[in-house]
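> Residue 737 is where the sequence shown starts when you use the working numbering, and the numbers rise one by one after that.
Derived from the structure by calculation, the hints contain no laboratory data. The C-beta atom is built at its ideal place from N, Cα and C for all residues, glycine as well. A couple of the hints might just be wrong.
Between beta-carbon pairs, the in silico distance windows are [unchecked claim]:
hint: 1; residue 1: Thr884; residue 2: Asn783; range: 40 to 46 Å
hint: 2; residue 1: Gly837; residue 2: Ile895; range: 38 to 44 Å
hint: 3; residue 1: Asp743; residue 2: Gly794; range: 44 to 50 Å
hint: 4; residue 1: Ser767; residue 2: Asp743; range: 57 to 63 Å
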Amino acid sequence: PVTIYLDAAGNASIVAADIDGGSTDNGTIVSLVASQTSFDCSNLGANNVTLTVTDDGGNSDNCIAVVTVLDTIAPTVVCQNIDAFLDASGNVSITGAMLDGGSSDNCGTGSLNFTSSVASFSCADLGPQTVTLTVTDDSGNSSTCSATVTVLDTITPTIACSAASINIDANGWATVAAFQTRNPM
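Please build the complete structure, drawing on both the sequences and the hints.
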């Protein structure tokens with residue numbers, strides 16, 4: 737058995753000699769052939785590879801070796817800053833994917849999982865908030881970056897106006913304070 741590691745492009749390879757455990761012959765071995773020598777992200781885990789050994793008399797035999805393919809390369813994480821708008825109840829939720837600015841992985845982007853260190857905000861969080869985006873691939877490799885979530889409140893207040901009765905003074909003047917605008921009647 738042999739263990740190989742995918743490179744940054746998501747590829748790995750072996751030669752037949754890598755899985756030969758010491759084949760011998762009474763004559764001369766003229767060829768070692770592996771049934772598979774190139775591996776990619778679709779081959780992660782254990783793979784059965786047949787080794788065929790042929791001697792100078794044309795005789796051959798084969799055995800199966802296990803080639804384990806591992807991905808140990810962390811994703812390249814790219815963050816983007818976003819604005820998050822509070823709803824009418826004063827809350828907003830975000831996902832890690834909203835913070836992703838084009839992260840990539842040697843095994844493709846379809847296998848990435850995005851997680852934000854903070855998933856919800858409220859009125860107490862108005863303004864810029866620093867959060868951490870964690871990007872994890874299917875092999876468990878992860879990378880992080882920081883993004884700014886600017887929490888905004890764009891919901892206008894609901895107001896209620898009412899008429900007020902006031903008395904004017906001898907000069908024809910009256911002063912009205914905001915709290916006096918509620919009509920007690």
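> I'd like to know which numbered hints this structure contradicts. Please list them from smallest to largest.
Failing hints, ascending: 3, 4.
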